[in-house]
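There are 2 protein chains.
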Amino acid sequence: MVESPQSQNALSPDELHEAWAVLSADERLEGFRLLPPAVADDFFLGLTAREQAELILSLPQGERRTWVRLLPPDDLADLVQAVEPEQVDAILSQLDDASRREVNVLLAYSEDDAGGLMNPRFARVRPDMSIDEAIGYLRKQAREKVETVYYAYVLDAEQRLQGVLSLRQLFQAAPDKRVADVMQRDVITVAENTDQEAVSRTFSEHSFMAMPVVDEQRRMKGIVTVDDIVDVVQEEATEDIQKVGGMEALDAPYFDVGFLAMLKKRAGWLMVLFLGEMLTATAMGYFEHEIARAVVLSLFIPLIISSGGNSGSQATTLIIRSLALSEMRLKDWWRVARRELSTGLALGAVLGVVGFTRVMVWQALFHSYGDHAFLIGMTVGVSLVGVVMFGTLSGSMLPFILRRVGFDPASASAPFVATLVDVSGLVIYFTAASLFLRGTLL
Amino acid sequence: MVESPQSQNALSPDELHEAWAVLSADERLEGFRLLPPAVADDFFLGLTAREQAELILSLPQGERRTWVRLLPPDDLADLVQAVEPEQVDAILSQLDDASRREVNVLLAYSEDDAGGLMNPRFARVRPDMSIDEAIGYLRKQAREKVETVYYAYVLDAEQRLQGVLSLRQLFQAAPDKRVADVMQRDVITVAENTDQEAVSRTFSEHSFMAMPVVDEQRRMKGIVTVDDIVDVVQEEATEDIQKVGGMEALDAPYFDVGFLAMLKKRAGWLMVLFLGEMLTATAMGYFEHEIARAVVLSLFIPLIISSGGNSGSQATTLIIRSLALSEMRLKDWWRVARRELSTGLALGAVLGVVGFTRVMVWQALFHSYGDHAFLIGMTVGVSLVGVVMFGTLSGSMLPFILRRVGFDPASASAPFVATLVDVSGLVIYFTAASLFLRGTLL
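Chains as they are written, first to last, in the UniProt record's numbering: chain A, 1 to 442; chain B, 1 to 442.
Think of the hints as simulated: they come from the structure by calculation, not from any bench. Please note: incorrect hints may appear among the correct ones.
Same chains, same label: a pair holds when it works inside one copy or across any pair of copies.
[As the list claims (entries may be wrong)] Simulated crosslink set (BS3-like; lysine-lysine; CA at most 30 Å straight-line):
no. : residue 1 : residue 2
1   : 140       : 177
2   : 140       : 265
3   : 264       : 331
4   : 264       : 140
5   : 177       : 265
6   : 331       : 265
7   : 331       : 140
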């Protein structure tokens with residue numbers, strides 16, 4: 001059987017999408033060119049802004065225009081922000097004057113604001129139109145360049161937003177009514193400079209498909225659509241997860257970050273944690289004599305301090321996420337503190353009992369801990385209660401404190417809390433030891 | 001001045017929404033009843049299914065119907081799943097027979113599947129309709145009960161999906177063309193039992209506003225809209241963050257989880273980690289003689305093992321998130337392993353140098369570490385390189401291994417990796433110590 005080289009190499013769009021991250025620039029170009037024209041558009045629109053930019057720049061000059069012009073202005077603005085400054089012209093020169101102006105207006109907004117997310121092309125009608133006129137006018141706009149027509153926005157002559165009509169309301173209304181009679185006047189809007197996280201919260205509170213962006217005079221500037229919000233939500237969640245893991249947010253997929261850039265994002269926090277953790281060496285120095293007299297005490301140090309770190313890590317992640325989702329606010333700290341104190345006591349009691357039992361069982365089986373096993377068991381058990389309570393409480397309060405002083409609560413990462421608790425855990429442990437073992441081992 | 005009691009107590013919808021979590025059931029009901037009728041609908045639709053259920057059940061019988069009937073079938077199905085089994089009838093009895101049947105069909109799907117997310121009411125047209133007939137038919141459907149009309153789905157007589165038309169395409173087409181001539185035949189669909197995470201990935205690859213759900217015979221069952229996907233993405237991210245923090249996913253807002261339920265979600269993993277961490281006490285037992293001969297060694301134990309935990313925590317969170325976002329797949333493990341090995345070496349070298357310097361500086365300033373400070377410094381520095389490399393490598397590989405054997409990679413939580421690294425970190429440290437200090441301190 002003879003196959004054409006095309007059918008041998010061509011990947012389906014889904015296969016190509018899956019393999020994209022691991023393909024070289026040449027392979028990407030080749031795979032893309034082998035896609036049937038009918039699906040290539042959809043495939044291209046599904047790429048991230050960075051991937052679109054790389055693909056376009058790997059095409060010869062003559063082939064770029066089609067793809068650049070396929071993108072709506074908001075996506076073009078993202079794409080321009082993903083390329084090196086010297087390549088911006090290579091992209092923008094492919095556009096007609098009107099579109100280039102639209103993109104330049106969008107570029108003036110910060111990428112993380114509502115203005116940076118919005119599409120300046122939206123469906124508009126006048127308040128004095130009849131319903132039938134409005135539907136006809138929308139059909140005309142859809143034929144030209146408005147791509148999203150879920151809502152028709154009612155603007156006066158000064159472009160100020162007067163009301164909104166969903167397509168459903170428009171279709172439901174009697175054809176001879178006027179727009180002003182049926183429109184909803186109470187429109188929920190976002191300001192141009194509203195942060196994207198706040199925009200996504202407004203979306204999830206109201207389940208709209210799109211929201212209008214207005215300036216201070218309530219002049220309408222564009223719409224943010226919910227499909228862009230999905231990406232915002234993913235991005236913000238990724239940032240939070242990476243911060244919770246104890247590093248700077250990467251802002252790009254793993255394989256797209258260079259070796260040195262990756263090192264920088266990780267070494268910074270690792271060094272801060274390391275310097276903090278050095279205090280444990282200092283703290284241990286204070287207890288050197290106790291350790292020398294009762295080496296057995298040192299055996300439980302990793303167990304005790306890590307239990308504090310683990311319970312603190314649970315508490316801090318819980319609170320960081322609840323704050324991010326607005327399930328709680330700053331002024332709820334006292335309610336959280338009381339609750340975490342009792343949770344910490346219960347969790348500490350459970351671990352304390354198991355820790356005490358571990359010491360007594362090993363003593364019965366192997367005589368591991370000499371004459372004072374009971375007192376050592378008490379030291380371990382009581383320290384665990386204290387350390388877990390302290391870990392839970394400080395893990396839950398740290399995100400509130402960070403937000404209060406203006407930092408991102410997600411910086412109260414699991415390793416950060418663990419480091420904090422390690423130092424104080426040592427103090428708690430050796431204090432308990434001196435209470436129980438003074439006069440016997442110490 | 002005399003104010004009516006109403007104006008004194010009434011909160012704005014936004015204020016009420018913000019305060020909702022901390023209000024009692026009675027306060028919620030009161031605040032809700034004081035809302036102006038025009039905004040109460042929107043406010044109600046913005047509540048979560050659980051909050052809607054609680055509110056409806058706190059209303060007297062006679063007032064429930066309006067609110068139950070305001071909800072589309074997919075939201076009703078969520079609401080029914082949020083109430084106790086014995087209260088389902090109190091909700092469903094408010095519906096007309098047709099809607100109750102729709103909700104019951106949806107309830108047969110698993111909550112986390114496309115079928116459980118979908119709305120069975122969608123806009124449909126026939127392939128042989130003219131464009132003008134299709135628009136007229138859509139207007140009729142919008143007047144009845146279809147609420148989302150972003151796409152018109154083209155179904156044959158057996159309800160099999162033949163194609164799709166966006167409203168824009170419909171509006172753009174010449175009025176006398178037939179639907180079959182302009183529709184797009186290549187429709188991306190999801191199956192009824194597709195998992196919601198996979199559905200959200202398909203959405204983010206294609207930026208659609210809605211996607212059709214079909215059965216095995218390609219009969220169309222409903223649509224999933226992107227606004228529901230925002231919630232899915234938030235939910236999945238919350239689950240991942242909580243697992244990364246070392247606990248079971250809560251599945252509900254912090255304040256909605258009872259004290260005992262919260263304890264259970266946290267105590268399970270904390271106990272697993274504690275039992276794992278007990279191995280450190282066993283490991284330390286093996287090195288008890290070394291510690292007794294050189295107590296100074298014990299001072300650096302928390303510093304060394306926590307550095308391994310921190311670097312492992314960074315690596316594991318990075319990989320967990322990349323796997324969740326499909327930025328990498330199982331077969332990329334080797335590429336990741338090579339990269340993390342060099343990253344770990346670089347990070348370990350940085351910390352190792354700082355650790356060695358710390359020992360030498362303290363020695364110069366305070367003579368803290370006796371005659372063999374240089375060798376102790378070497379032990380600390382070299383162990384840090386080894387521990388950080390081991391932490392980075394095992395933190396990055398564990399999520400791959402978990403996925404390979406069928407578990408959720410997010411279970412490779414930061415505390416889990418830290419525990420793993422603590423035990424092996426002790427072995428690495430004492431091995432380095434015996435290499436450098438044999439014949440002098442040991």
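Now the hints, each set against the structure:
1. For a Cα distance limit of 30 Å, the shortest separation of residue 140 from residue 177 qualifies both inside one copy, at 20 Å, and across copies, at 17 Å.
2. When the C-alpha separation of residue 140 and residue 265 is checked against a cutoff of 30 Å, the pair qualifies neither within a copy, at 50 Å, nor between copies, at 56 Å.
3. Within a single copy, residue 264 and residue 331 get their C-alpha atoms only as close as 36 Å, which misses the 30 Å cut-off; across copies the closest is 27 Å, which meets it.
4. Proximity of residue 264 to residue 140 under the C-alpha cut-off of 30 Å is found in neither arrangement, the shortest distances being 52 Å within a copy and 60 Å between copies.
5. Neither within a single protomer nor between protomers do residue 177 and residue 265 lie at most 30 Å apart by alpha-carbon distance, with minima of 60 Å and 57 Å respectively.
6. Within a single copy, residue 331 and residue 265 get their C-alpha atoms only as close as 32 Å, which misses the 30 Å cut-off; across copies the closest is 25 Å, which meets it.
7. In the homo-oligomer, the alpha carbons of residue 331 and residue 140 never lie at most 30 Å apart, since the shortest distance is 51 Å inside one protomer and 50 Å across protomers.
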